Structures are given as C-alpha cells and as structure tokens.
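Trainee: Here is how the chains run, residue by residue.
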Amino acid sequence: MSTELNSQGSSTPSRKRSKWDEDDDTGDLSAPTQIHLPKKRPKHKTSRPHSERKSSSPSPSPPPPPRYNHSVYVPPRTRHPAIQSSRSVYCYERLNQIEEGSYGVVFRARDKQTGDIVALKKLKLDEEKNGFPITALREVYALMSCRHENVVGIREVVVGDTLTQVFVVMDFIEHDLKTLLTNMPSPFLQSEVKTLMLQLLSAVHHCHSNWILHRDLKTSNLLMNNRGTIKVADFGLARRYGDPVGVGGMTQLVVTLWYRAPEILLGAKTYSTAIDMWSVGCIFAELLLNEPLFQAKGELELLSMIFKLLGPPTKNSWPDYFILPNAKTITLPSPQPPAIRPKFPHLSMAGIDLMMSLLTYDPEQRMTAEEALQHPYFTESPLPKHPDLFGSFPSAAAGEKRRKAFDSPSAPVRAADYKLLTEYDIP
Amino acid sequence: MPALPPLASLAQLENSPSTDDGLPAVLEEDLRAYGCKLIHQAGILLTQKQVAVAAAQILFQRFWYVSSMKHFGVGDIGMGALFLASKLEECPIRMRDLINVYDVLLQRAAHTIGPKADTPFKYHPMSYFGTAFYDLKESLVVAEMQILKRLGFNVHVVLPYGTLINYLQVLGLIKQENACTKAWGYLNDAFQTPVYALYQIPTIVCAAILLTIRHLNISLPSEAPNCWWELFDACWEDMWNVCGYIMRLYRERPEAEQKRVLGLVSKKDVRRWLEDNVPDK
Numbered sequence: 001m002s003t004e005l006n007s008q009g010s011s012t013p014s015r016k017r018s019k020w021d022e023d024d025d026t027g028d029l030s031a032p033t034q035i036h037l038p039k040k041r042p043k044h045k046t047s048r049p050h051s052e053r054k055s056s057s058p059s060p061s062p063p064p065p066p067r068y069n070h071s072v073y074v075p076p077r078t079r080h081p082a083i084q085s086s087r088s089v090y091c092y093e094r095l096n097q098i099e100e101g102s103y104g105v106v107f108r109a110r111d112k113q114t115g116d117i118v119a120l121k122k123l124k125l126d127e128e129k130n131g132f133p134i135t136a137l138r139e140v141y142a143l144m145s146c147r148h149e150n151v152v153g154i155r156e157v158v159v160g161d162t163l164t165q166v167f168v169v170m171d172f173i174e175h176d177l178k179t180l181l182t183n184m185p186s187p188f189l190q191s192e193v194k195t196l197m198l199q200l201l202s203a204v205h206h207c208h209s210n211w212i213l214h215r216d217l218k219t220s221n222l223l224m225n226n227r228g229t230i231k232v233a234d235f236g237l238a239r240r241y242g243d244p245v246g247v248g249g250m251t252q253l254v255v256t257l258w259y260r261a262p263e264i265l266l267g268a269k270t271y272s273t274a275i276d277m278w279s280v281g282c283i284f285a286e287l288l289l290n291e292p293l294f295q296a297k298g299e300l301e302l303l304s305m306i307f308k309l310l311g312p313p314t315k316n317s318w319p320d321y322f323i324l325p326n327a328k329t330i331t332l333p334s335p336q337p338p339a340i341r342p343k344f345p346h347l348s349m350a351g352i353d354l355m356m357s358l359l360t361y362d363p364e365q366r367m368t369a370e371e372a373l374q375h376p377y378f379t380e381s382p383l384p385k386h387p388d389l390f391g392s393f394p395s396a397a398a399g400e401k402r403r404k405a406f407d408s409p410s411a412p413v414r415a416a417d418y419k420l421l422t423e424y425d426i427p
Numbered sequence: 001m002p003a004l005p006p007l008a009s010l011a012q013l014e015n016s017p018s019t020d021d022g023l024p025a026v027l028e029e030d031l032r033a034y035g036c037k038l039i040h041q042a043g044i045l046l047t048q049k050q051v052a053v054a055a056a057q058i059l060f061q062r063f064w065y066v067s068s069m070k071h072f073g074v075g076d077i078g079m080g081a082l083f084l085a086s087k088l089e090e091c092p093i094r095m096r097d098l099i100n101v102y103d104v105l106l107q108r109a110a111h112t113i114g115p116k117a118d119t120p121f122k123y124h125p126m127s128y129f130g131t132a133f134y135d136l137k138e139s140l141v142v143a144e145m146q147i148l149k150r151l152g153f154n155v156h157v158v159l160p161y162g163t164l165i166n167y168l169q170v171l172g173l174i175k176q177e178n179a180c181t182k183a184w185g186y187l188n189d190a191f192q193t194p195v196y197a198l199y200q201i202p203t204i205v206c207a208a209i210l211l212t213i214r215h216l217n218i219s220l221p222s223e224a225p226n227c228w229w230e231l232f233d234a235c236w237e238d239m240w241n242v243c244g245y246i247m248r249l250y251r252e253r254p255e256a257e258q259k260r261v262l263g264l265v266s267k268k269d270v271r272r273w274l275e276d277n278v279p280d281k
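The listed protein sequences derive, respectively, from chains A and B. Here the first sequence is numbered in UniProt numbering, starting from 1 and rising by one per residue. Here the second sequence is numbered in UniProt numbering, starting from 1 and rising by one per residue.
So that you can see chain B by itself, here it is in the shape it has in the complex (with noise of 0.2 angstroms):
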C-alpha cells in the first residue's frame, strides 16, 4: 500500500491563514492561480520536466492552508517549490537559471502594470555579482525551507496523468478523438486551483473526465445505480466541486481584476493592499 498524500483537514479549508489575516478569499483564490501561472512559465523556460512543475504546483497550493500571504510572497514560494519540486523529481535546476527566469517573469509583471506599460518590454539582466541576485538567492533558500518545515517534510505528491491513462482505458475513451488531450488539459489547468490539496486523485481525475465527456457529447451510464464515476470511488459531489473550481478560472473577469495580482506578488506588496483595502487590520 503506497503512502497517503496529505490533504487539508476540514477546519484548513473553513479559515486560511491568509483569509484570518484579512484578505479576501476571491483575492487569495486568483494569488494561488497567478502563483501557479508563474510556476508553469518558469517551468517552460527551464524546460524543465512537467511532472517537477506538477509537483511544485502542488506543493505550492498545500503550503497557503499552513501559510498567510501577509507572510509569504506567491512569487518567492513558486520559486522555492519549483526548485525543491525539481530536486524531488530527480532533475535539478541552478539556482541561477531559476533566479534569472523568475526575474524575467516579475519584470515582465511589473512592466505590465507599470507607467510604460504601452511600450513594448525590454529585460534588464541584473548583474552578475549584484545585490539583486544574492537577495533572491536568499529568498530562494529561505522559501524552500520554509516550505518544508511548514509542510512537516511531508513533500509526498501522487500526479494524476497514469490514473487518468487508466480509467479512460476503462470507459472505452482512450481511442476517443480528443477525449484524451482535452482531459489532460483539464488536469493541467486544475494545478491552478487548491483541489490537489483537498480532493483525492480519482475524484480530481473523474471531474477531468465529466467536463470532457459532457464538452465532447459523450454520454457514459450515469443514472443510479450504474454511475461510471463509481467506478472510480468518486461521489458526485466532490467531483462536481472540482469541476466548479476548475470552470471557475475560465470566468471572465475584467481587467483591473485581471491586472490586480500582476502587483502583489510579494509579502510587501500584499501587506501594503492589506493597510489600504482592510482599514481594521
């Protein structure tokens, strides 16, 4: 019997530390996702394995149930968990190539939001033996401390693709035109939201495959009591759940919200959001 991974007890998920420290819970949902986005990009810029930028996803969506952002930046524990996730899966990366991507990336972000935001970018390597580069070198090492010690060492993470793999085999999808590709996109895209670190993989896996089914008009015995999602000991409810948090980051949004994340990936950044959007704190 393969070890458990952990999963956020019910009282984690009523009250996270960020929401305790007063950020709205809306606010903290689209830090998570932009955390994860600056995870995947830094990822394809390494060209580093998908199942290390997967598992940093992960361990940066456990770390927030233990974590307030008041304290911790979503920039600095992408990068820590993008550099532990790679170590645990046995295909390290360079501090240095790591720093660098994650300076293009914030740069880019802050350009964005920036006064010049109408011209186009233009990257300023930082200098070789700078102050810039031993400062997130620092934070680096401290994240990815930090994120051990806060997840109790517990770094144990179960990828959700060969499940996927099986139970379509099951239904009789896998030779399906883009059953596959589309469920898989799915899975990718639910590394932007907390469900890894609240649902088991075969509920997550099965909410996969009911928005693939139900986007790609495949009907599968779904009335009680042959439902196919039993199959898989997934319950309705829990996979209905995860298809919501998954459809809900393709809402539309509008702009200001959109950009609103770009300037708050640091601690500094959110606590001074926090002194002027929550006067009680």
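Next up, chain A with everything else stripped away, as it sits in the complex (with noise of 0.2 angstroms):
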C-alpha cells in the first residue's frame, strides 16, 4: 500500500483549479450540508435557480458533477485569507493626532488609495528586552480573531522604514462612550441603554466564545460611531484564556481600578471571563448613572465602596472569598443589606435583578454575557431603541470640537505589566 502511495506522491501534488477559483464559492456558504444543517433549501430554489446544483428537478442538460455542500465549519477554500505581507505605513496619509497613551500614540490617518479615515496606532517597541512585546502581540492576535459588529474592526497591520515601527489600522470610530457621557446634558434613556448594553453584550459573548478576555472594559474603551453602534476597543490588556484557566499563570495588574472585579482586588491566582462581566455591570451602572459607579482612589477605598453598595460577602453569598490570599488581610465590615435599589430609584425590577447578577461577587455565580443577553430586562418595556434612532453628536477624536473629560484612572501602566508577566509567566 504504502509504495503505492510513494509513486504517486513523488511529484509536486496536481491541482484542481475548481479548489482555487474564485467562483468556487457561489452560495456554498449558506447551503446546508445533507449532514450538518437542517434543509433550508426551497427558499433558495425560487429565488437563486442557479446555485442549484444538485437539483432534483429533471433537467435536459447532462448531470453535473458530483459536487457536495459544505458545512458552515468548513467554508470554500476561497474563504481563507491569503498569506500577505505587511504594507507600508505611507500607503496612509496622517491627518491628526487622537490621543497618546503609554502603549503609544493614535492618529487619525486617510488611506490613500480609498480615501477611507482609519485610526493609526503606533506600538511602542523600543527598549523591548524581549523581542516583540507579548502585550502588543496578545492586541493584535485578539483583535484579528474577535472580528464583530461591535468589536473594533482592524484592517492590516502596517510597517514603518525599520523594524521597531509598527501600526494597527483600525477602523475610525467618531467617540467615546466616556467622552459622551461627560458631555451629554442628559443621561441615555432607558431604551438607549438597553441597546448600548446589549451590544456590548454581544461583543463580550464574542469575545469570551473566541477564548479571549479583555481584562479592561470600560467606558472609555467603549467607541461609538453616529449610527449608535458601539464598538469594543484597546484589547492592550486583553490575553488568551484555556480550560482550564491560568495556564502560565496570570497577572493581577489588570483592569482599571474602578471596574476592577474583586477576585482581582483580592488577589486571586487565576480569574476568567467573570472579570468582564464585573466590568460590564460597572459599565451598566455608570450608563444609568451618567459617572463611574466606584470611583475610588486606591484598592481598599473600592473594596469598602463595594462592600457599602453590595453588602459585606457572606459564606453564602462567596464560599471562596475566606481562601483569597488577601481576605485575611481586610476587616469585614458588620453584616448589612445590599443598596442597590435606593442607588437606581428609576430602573425597573428587571433591570436590578440585572444588575445584581453582574454584580455578583462569586466569580462563579455571576452571570454569563450569554446569560444576559437572554435577560429579560431586554424584553420589558421600553424595547431597546434600533439604533438608527441615536442622535448625533459632534467627535472629539475628528478634532470637531476640543474634549474636557474628567480624569479617569488608567489602566496598569503597561511597562510594569510587561516586567511581571515576564516574571509570572515563565514557569
């Protein structure tokens, strides 16, 4: 058998153009398979005679052939990208300059041969001791494998004249969700925030099914374009997680403080997509509220603002709060009942029964982003607003009007991020 195989592999393996063509792929894609996918086939007869192949209907014209449907898992090879290189940076043209931050510098930038604005960031590279930095790496890495409608959507990545200048090219999104809640006169209505949160809910479900944590949601990293369409940016923080979670293990300097889960705070070993769904209820908080829920100075001060809004943890509430490494270290203040319901004297029933359930201390009983996209408070009166219906505002970021947003603490500065993983994360 195997000398068989020897004669006829002994070439370079001959090809099927059908495999490589480009029109390989008409409406494979959304045909279902005999075995995957439940028949969905009249529609397409009436309306697409011609992506017929495998009719049934007696036909004069000699029998095609044997072709099979693909699985959605298993789309044309046409579908794949090519492997391409990096482009130049100056097939951009920079416009001006969106924000500096310790990970870099952003600019506004138009493409040359589109004439599409796209947002430029520029990683830092130098000083790195390690080669390519993983933070930078674990950006990009994410942000390619967690394309979604409100995800960030990056376009290539772009080099400079030497090795150390590398770009992200990201879609340009005109605000965001910090600079319009500081700006607003008014907070979002009931059925703005129900769209918002649904579409961050999306894109955390994305996320997290793509085995991807953010580590650092928050308003602030929350861009919104003038079609009410928010999109999850700055995945700087953002890493891989397996089952089971920590491989590696993981660093706490993650998540800005005032969104910060308290399993974080408390110094847990290994965490998971429970911390971005801490964040996510702080977000859901701070859109109902128009300011940061916790905005606190420093970790105790939060931990005692949580305790104050939540009630103190019980060995009910957290059965694993008593083994946290640094539970021993705080004081507990005296039992006493959650005060969520007097902080949002206008949200319905539903939607602080949402709220608690993201505000979960158990890591592992707080709810899911799948969960939550099911709760009901998304199907109570009013409906989520379609999101045509946002108004408009003018952007910041296109240099339409100068921003003055409150200070917001950052996330871990990135260097000293770098430095621990580099120590925790070598075995």
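Each hint should be verified, as a subset may be incorrect.
Unchecked claim - Sample of chain B residues lacking proximity to chain A, with all beta carbon distances greater than 10 angstroms (derived):
(1) A8
(2) E144
(3) R150
(4) R260
(5) L262
Claimed, not checked - Derived DSBU-like pairs: lysine-lysine, alpha-carbon spacing no greater than 30 angstroms straight-line:
(6) A:K112 / B:K267
(7) B:K37 / A:K122
(8) A:K129 / B:K182
(9) A:K129 / B:K175
(10) A:K129 / B:K259
(11) B:K49 / A:K129
(12) A:K124 / B:K37
(13) B:K149 / A:K129
(14) A:K129 / B:K37
(15) A:K129 / B:K267
To be verified - Computed footprint of chain A on chain B; a stretch qualifies when at least three of its residues, placed anywhere within it, have a C-beta under 8 angstroms from a C-beta of chain A:
(16) 37-44
(17) 95-109
(18) 196-203
(19) 270-279
Hints in this document: simulated from the structure, not taken from any laboratory. Keep in mind that this is a model prediction, so the values were computed, not measured. Backbone N, C-alpha and C fix where the C-beta goes; we use that ideal spot for every residue, glycine too.
These two chains come separately, so use the hints to put the complex back together.
Mentor: Next up, the structure:
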C-alpha cells in the first residue's frame, strides 16, 4: 500500500483548479450539508435557481459533476485569506493625533488608495528586551480573531522604515462613550441603555467564545459611531484563556481600578470571563448614573465602596472569599443588606436583577454574557431603541470639538505589566 | 464563526520565492522539513508544549511562501517561529534558553558533516557574554519581527488534534487499537511538510485517517455516493495530495542528500550553494 502512495506522491501534487478559483464559493456557504444542518433549500430554489447544482428537478442538461455542499464550519478554500505581508505605513496619510497613552500614539489617517478615514495606532517597541512585546502580540491577535459588529475592526498592520515601527490600522470611530457621557446634557434613555448593553454583551460574548479575555472594559474603551453602534476597543490587556484557566500564571495587574472585579482585588491567582462581566456591570451602572459607579482612589477604598453598595460578602454569597490571598488582611464591615435599590430609583425590577447578577461577588455565580443577553430586562418595556434612532454628536476625535473629559485612572502601566508578566508567566 | 487561518494562494504555490531565486524545489522541500525538525528538537529540549511547537512549524511553513531562503536561514526563522509561537500560545520561553538549545543543535549538525564526524560529538558551550550569544540574539529578534511583518501579523493558526478526535469518534474508530495514535503521528509528521499552509484542517485530518485505515486494514464506506470523507467536507484529490506529501517524508534517500541540508542552515550557506550550483544566478 505504501509503495502505491509513494509513487503517487513523488511529484508536486496535482492541483484541481476549481478548488482555488474565485467562483468556487457561489452560495455554498449558506447551503446546508446533508448532515450538518437542517434543510433550508426551498428558499434558495425560488430566488437563485442557478446556484442549485444538486437540483432533483428533471433537466435535460448532462448530470453535473458530483459535488457536495460545504458545512458552514468548512467554507470553500477561497474564503481563507492569502498569506500577505504587511504594507508600508506610507499607504496612509496622517491627519491629526487623536490621543497618546502609555501604549503609544493614535493618529487619524486617510487611506491613500480608498480615501477611507482610519485610526492608526503606533505600537511602542523600543527598549524591548524580549523581542516583540507579548502584550502587543495579544492585542493584535485578539483583534484579528474577534471580528464582530461591536468590536472595533482591525484592517491590517502596517510597518514603517525600520523594524521598530509598527502601526495597527483600525476603523475610525467618531466617539468614545466616556467623552459622550461627560458632555451629554442628560443621561441615556432606558431604551438607549438597553441597546448599548445588548451590543456590549454581544461583543463580550463573542470574545469569550473565541477564548479571549478583554481585561480592560470601561466606558473610555467603548467607541461609538454616529449610527448608534458601540465598538469595544483597546485590547492592550487582552489575552487568551483556556480550560482550565490560568495556564502559565496570570497577572493581577489588570483592569482599570474602578472596573476591577473583587476577586482580582483580593489577589486571586486565576480568574476568567467573570472579571469582564463585573466590568460590564460597572458600565451598566455608569450608563444609568451618567458617572462611574465606584470612583475610588485606591484598592482598599474600592473594596469598601463595593461592600457598602452590595453588603459585605458572606459564606453564602461567596464561599471562596475566605481562601483568597488578601482576604485575611481585610476586616469586613458588619453585615448589611445591599443598597442597590435606592442607588437606582428609576430602574425596573428586571434591571435591578440584571445589575445584581452582574455585580455578583462569587465569580462562579456571576452571570455570563450569554445568559445576560437572554435577560428579561431586554424584552420588557421600554424596548431597546433601534441604533439608527440615536442622535449624532460632534466628534472630539475628528477634531470637531475639544474634549474635556474628567480624569479617570488609567489601566495598569504597560511597562510594569510586562515586567510582571515575564516574572509570572515564565514557569 | 471563528476566524479562518491564512492559506497560500495558487500563485504562491506555483512559484515560491526560493525557487524564483534558483533554489531547486526538492532542496527547498528538504530545507523546510529540516527546519521543522530543528524546531521539533528544540521544543523537546526546552520541554515546550506541543501546541507551541506545532504552531511554530505552521508559521515557519507559511513564511517560505512570502520569503526566499536566499535571504533568510531556516535555522534563524525556525528559532524565531518557536519564540513567537510560544508567546502566542501563552507559554513564553527565555531567549537565552532558546539560543543555547539552537546552538547545541547547530553545533551537532556541523559536527555530523565536519571532518571529525567519526568521533563522538562534544558540545562546547558559548561564553556567557560572548559575541556568539549576542549575534544569535540579534538574529532571533530580527527573525521574529520578519515573520510577523511578512505574514502581515496574521499569526492565527488552527491545530488539527481536536478535529481528529471528533472525526474518529464520528467514524467509530476512537476505541480501535492504534488508530488514534497512528493518525496523530501522521498529523505530527505532516508538520514537516507545507500542507498546513496549503489545505484546510478537515482535509489534512482526513488524509491522516486515510493513511491510518489503509495501514491498519480498516474498511470504511468509500464508494460514491457514500464516501466517509465527504462527511467532513474533504475532497479525494486534495486528501490524496496531502497523503502524497506525508508519504514522501518516508522515502529512501541517499546519504549525501540526507546530509546536504545540514550544511545549508544559514542564508550564507544557501547563497554559497547557489553560487556553486546555479551558475546563471
């Protein structure tokens, strides 16, 4: 048997042109296979008779070559991207600087070929002792593997003249939610909050199901266009997680303080998708209040604010609390009931329930993004507003109006983060 | 719908940058396989996880569809690929460890084809602050960056193992003695070939299963319209090509051909070979 294979494989394998041709994918992606998907043929039959290759109707033409339909999980080969090198940054024309952070500078730029306006983020690569920084790698990887309607779109990564100039090209989005909230005369309506929350949850669910933790969800990292759509951005702290979580060790230096989940504050060595869900809870509250929920100056103050709002954790509400590293150093206040209700007087019972489910102490019991998307809050009146009905605002990022956002603490500094990562992550 | 990994285009397959530079296709194939063996051996010496080693080999294979071996050595790029893939798979390795391991492997290769090949190999460690180390470190950083740049930072890879287990389960072969081990082995050997940069995972996994059932005399429905591979969206020609790539690894080679690659690890070696053997270039 093996000799037969030997002789067969002795030259470059022959190629079947149709597998590579562009026209290969006519309607196949939506077509069901015999085994993977239920039949939805009849619909196509009326609208597109030409794509019907396995038609059983009597036809005088010779029988078509045997073909089967692809499963959605195995699209035609032509759907795979080609292996393509990075283009030069000179394909873009620099317009104005949008912001500068510890991670690098963001510019607004124009694609010289298409005229599209994009955001160019220059990665800081100098002084790297371990080659390409793992944090930047995670960011690019996360953006590329989490393409979604509500995740900021990465177009490509371009390079400058030297190997240390790398720019991530992303869709330009007019606003960030933080600046909007600050400058808005009145908070978002309930119907608007629901739309924004559904979009956020669907993005977070998408990331989590692609094994990506964002680890820095906050309003200033949520961008919003003039068509009422928000996009999750800044995956600078994102990383892949696995099952079991925490392979290789994970740093506790994640998530901007105000949005940081209690298990990280208490020094948990492993954490998972639940930390993003806590941040989502904080964002939900911020959308309703028009200001951040926990504006603490330090970790201890934050913990006491959390305890005050939710009541201190108990053996029931968080069984693992007492084995967390930092739990011993903290004296819990006397038991008191949660104070969520008075904080949000206009929120419906379902809304309060969603808030409590997201701001649940025990990460094991905290609601997942998938569950939250099904929450009754989103199906009760008032219903989510259609994104097209959102008003538009002047864009600070496009230089239409000077922004004046109030100070919020920034995510843990990248350099320090990297140092720690190399300490913790290497076994 | 998860993101799809990149695959070489027909044009990239027909003319690789190395063959454009005059390197015979067979030699490029051998050097690709040798570079992947080095990655594999380094992975074992570093006790690195197989997922990182496999990802490194896939990135390595993709790289040669956009770059020529005249400009980059298989040793450097293999080292860069393993370094990069280890970060991607969240199991980073130290540069010094990786450099030391590659130094051992390359010294041993040089010894095998050197004048003292009949004496036992003895490793001479490089000095801690010597230029040899800093030269290799510089090459490692450049190689990693070049891989990223030339692959357009699309370093998404999909590994075949989960798919294999699924398919064997569907085919009722999961409990069959040896079937899983054998197919798993074929998948791992296939990393030395370019198939992961050319074909979709279901096709490659079906090819490994085909080789396995032929080898173990297991029969599965293979007559149209009931062909087992069609369950998994593979097509016969592609599957058969992948089998060909894998089986070519096991063919008998003259000793000279086997040793030829050991002396062509760096781009300098390849350039010298091209000057000596391809007069036109």
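Trainee: Would you mind marking each hint as holding or not holding in the structure?
Mentor: Tested hints:
Residue-level check failed: A8 of chain B sits 5 angstroms from the nearest beta carbon of chain A, not beyond 10 angstroms. The beta carbon of E144 of chain B sits about 5 angstroms from the closest Cβ of chain A, which is not more than 10 angstroms, so the claim that it is off the interface is violated. Under the 10 angstroms C-beta cut-off, the non-interface status given to R150 of chain B relative to chain A is violated; the minimum distance is some 5 angstroms. The claim that R260 of chain B lies off the interface holds: its Cβ sits roughly 19 angstroms from the closest Cβ of chain A, which is beyond the 10 angstroms cut-off.
No beta-carbon of chain A is positioned within 10 angstroms of the beta-carbon of L262 of chain B; the least distance is around 24 angstroms. Proposed proximity of K112 of chain A and K267 of chain B is contradicted: the alpha carbons are some 36 angstroms apart, above 30 angstroms. Distance restraint check for K37 of chain B and K122 of chain A: the Cα-Cα separation of roughly 36 angstroms exceeds the 30 angstroms cut-off, and the hinted pair is therefore not satisfied. As the CA atoms of K129 of chain A and K182 of chain B are separated by approximately 42 angstroms, the hinted pair breaks the 30 angstroms bound.
With a C-alpha separation of about 48 angstroms, the suggested pairing of K129 of chain A with K175 of chain B is violated against the 30 angstroms cut-off. For the given pair, K129 of chain A sits about 36 angstroms from K259 of chain B by alpha-carbon distance, which is inconsistent with the 30 angstroms threshold. The hinted pair formed by K49 of chain B and K129 of chain A meets the criterion: a straight-line CA distance of about 23 angstroms does not exceed 30 angstroms. Restraint check for K124 of chain A and K37 of chain B: not satisfied, since their Cα atoms lie roughly 34 angstroms apart, outside the 30 angstroms limit.
Between K149 of chain B and K129 of chain A, the direct Cα distance comes to roughly 19 angstroms. Compliance with the 30 angstroms bound is thereby established for this hinted pair. Under the criterion of a C-alpha separation no larger than 30 angstroms, the hint pairing K129 of chain A with K37 of chain B is consistent with the structure, at around 28 angstroms. At most 30 angstroms may separate the alpha-carbon atoms for a hinted pair to count; K129 of chain A and K267 of chain B meet this at roughly 25 angstroms. Evaluation of the coverage hint for the segment 37-44 of chain B: breached, as 0 residues show C-beta separations to chain A shorter than 8 angstroms, against a requirement of three.
Residue count for the segment 95-109 of chain B with a Cβ under 8 angstroms from a Cβ of chain A: 1. That is fewer than the three needed, and the coverage hint is violated. Residues of the segment 196-203 of chain B with a Cβ under 8 angstroms from some Cβ of chain A number 4, which satisfies the need for three, so the listed coverage holds. With 0 residues bearing a CB less than 8 angstroms from a CB of chain A, the segment 270-279 of chain B misses the requirement of three and the coverage assertion fails.
Hints 1, 2, 3, 6, 7, 8, 9, 10, 12, 16, 17, 19 from the earlier list are contradicted by this structure; the remaining hints agree with it.
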